[in-house]
Amino acid sequence: MNGWTGRILRVNLTTKTARTESFSEEFAHKWIGGRGFAAKILYDELKPGIDPLGPDNKFIVAMGPIAGIPAPNTGKTVVAAKSPITGGYGDGNLGTRITEHLRKCGFDALIVEGRAERPTMLYIEDDKVEFLPADEVWGKGTFETNAWIYAKYGKGVGVLNIGQGGENMVRYAVVRSLEGRAGGRPGMGAVMGSKRLKAIVAKGSKPIPQADAAGMKKLGQDDLRKVHEMDKQSGWSIQSTNGVLAWCNEVAALPVRNFRKTQHPDAWKVDGERLNNARIATYGCPNCTMRCGITIHDDAGRESELDYENVGLLGPNLEIFDLPQVGALNYMCDDYGIDTMSGGCVLSFYADAVDHGAIPGDIKFGDAEKFKEILTSIALRRGEIGNLLAEGSLRAARKIGKNSEAYAMQVKGLEVAAYNCKFIPGMALAFGVSPIGAHHKESWVITFELKQTSRDSYGPEKAQKVIDLQRIRGGLFEYMVSCRFPWIELGWGLENYPKYFNAVSGLSWTLDDFWKVSDRIYSMIKLFWLREYPQTDRKLDYPPAVWFDPDNVDKEGPIAGRHLEYDKYDGLLQHYYDIRGYDRRGIPTKATLERLGLTEEGKAAEKFGALT
Amino acid sequence: MKITVKLIGPFVQLFGFGEKEMEVAPATTIDGLLGLIAIDKARPKIITRNGLAVGTDETVENGDRIVISPIYSGG
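Just so you know, the protein sequences line up as chains L and F, in that order.
Residue numbers are given in my numbering: position 536 of the first sequence equals residue 536, and the series is strictly consecutive.
Counting from 1 along the second sequence, just add 612 to a position and that's the residue number in my numbering.
Hints were generated in silico from the structure; no laboratory data involved.
Glycine residues also receive a C-beta, built at the ideal position from the N, C-alpha and C atoms.
Incorrect hints may appear among the rest.
Claimed, not checked - Taking lysine-lysine and the DSS-like style, the derived pairs with C-alpha atoms no more than 30 Å apart in a straight line are: (1) 499(L) / 269(L); (2) 499(L) / 516(L); (3) 657(F) / 465(L); (4) 632(F) / 555(L).
As the list claims (entries may be wrong) - Only some residues are given here: those of chain F computed to face chain L with a beta carbon under 7 Å: (5) 621; (6) 622; (7) 626; (8) 665; (9) 683.
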């Protein structure tokens, strides 16, 4: 089967067994790879209601048909499982050499089951699978663990690993690779930790089956050069993603003080210009020519890799405006293997709760040293506060009470990314309907919203744009699997992706074929949520309450006095459901499921909640 | 008439300044301002006045803060 190896590796950590399974061409065409494979496998194989941190959960590593093949930004892999922070479907992607290596071992996906008795490293070399002891690095950070693996196998191998955050099952622990890449915000690192799986290492040597390998090689190499040239001309890499920080501050979209404020006069101190000036090196993923990871020296002299999301949430959101201090918090998150975004939101939630007298404490916004102490307590689950905050902001708020849930900045339990939507309805919707909890990767609609629509519009054009972007960002790029940056930041044409897909598969697909796959996967994930939350209703797709709060409006600036309005947001959400073919609870209707080829999956969900 | 112009992201390096005050004639449009600071009009960008989006045919007013940014797409 060209385009796919046609094989999945299934390992069981309890029994220390491994077996290879094949999948059909029909399965491949219906789900493509990455997020598509992961969603379908988890839906079919997980019993609803299982403990995400128990041995019954499954950890998936899934690549796509163009993943690992030299072409613009194809070095990514999806990691997925039932999420310990949301209780629903969870996934994320990261750049890693394991993409290429696992495919060269002859696999399009890896399913990890069970729980190891001792800390374990899974080593895969072509058809050989070994369950190796990892006691030596259990309790160590991701940097030391990665170095330990490189010392054993060399720097060329593919690695996924976790730090203490994952080991201690911090619910927003991530999976790490390449000493700088992280993925799986909804606690995918915690799932690895729950299985006592410290690392996965892969080394492959087989060719990846392609219909036109020579044609793809030339196409990929030519396009890598073109994207590199576009990047140089645009200047995008000068400030990389952090260029957007100054813009967010100007348009009142920056998270400041746990999203209480949208602008700050000192924001310039941590903006893209300052980051570029402090740059000591630049890093990227395999097959990438527009490397986005800018490193600086943190306040302890360590090399810390920053981008907008972590600067925004560990900087202004905590009222810290010193790049080396932001770098230190970021380095600690990376080393512990904790998501920088959720980490920043959980810390800011705690400071806000103390500030409002909901919980006693001596933390104050801006106190970087105190935030470092708390971060360590979280990663090591040390003490009452460390354990409380390791559960994430929603669970912590429910335990604290005193209306603190209103300012836990999360959707479905997953904390929001660094865009303050106090008065940006379309982006608030994008967070609300993201299939894994609040995440910017699915649909980033702010510039469309501000440039091409009225900011206070709640019209169907915004819902349609959110869906258009979901089809591309949360769909195409998540199942191919490939980084979206060349398209979104440089304007590299979407029409190139069917070209790559057709070259490796021998098929003749168009973009319209892909949009149907995207819609199928989004509906599949909705069914996953329905099974886990049978009483689900549209409130699950609401953004944080604080954005609706008239007492939380900006006192000055471009959106002074403005906030989201419940009735209007609900109308916008209904536009989204109508276009998608979902019912009033936000669940795909039977007709939608039939149109997308999900009739059988719908029947399996109906035992848990009636379909309309 | 005095206004403040701020550039965002790579525009800082590409056009040589981050933020500056400018003296412009009354009735200067955003389009006219782009000409004054030699920014390619065809280049995709988003422009705001005092934090809110503004069209290129609109005129600037005394004290305005004009921000010119490439179109970011959110990482």
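| request: Could you tell me which of the numbered hints above are not met by this structure, giving the numbers in increasing order? | output: 1
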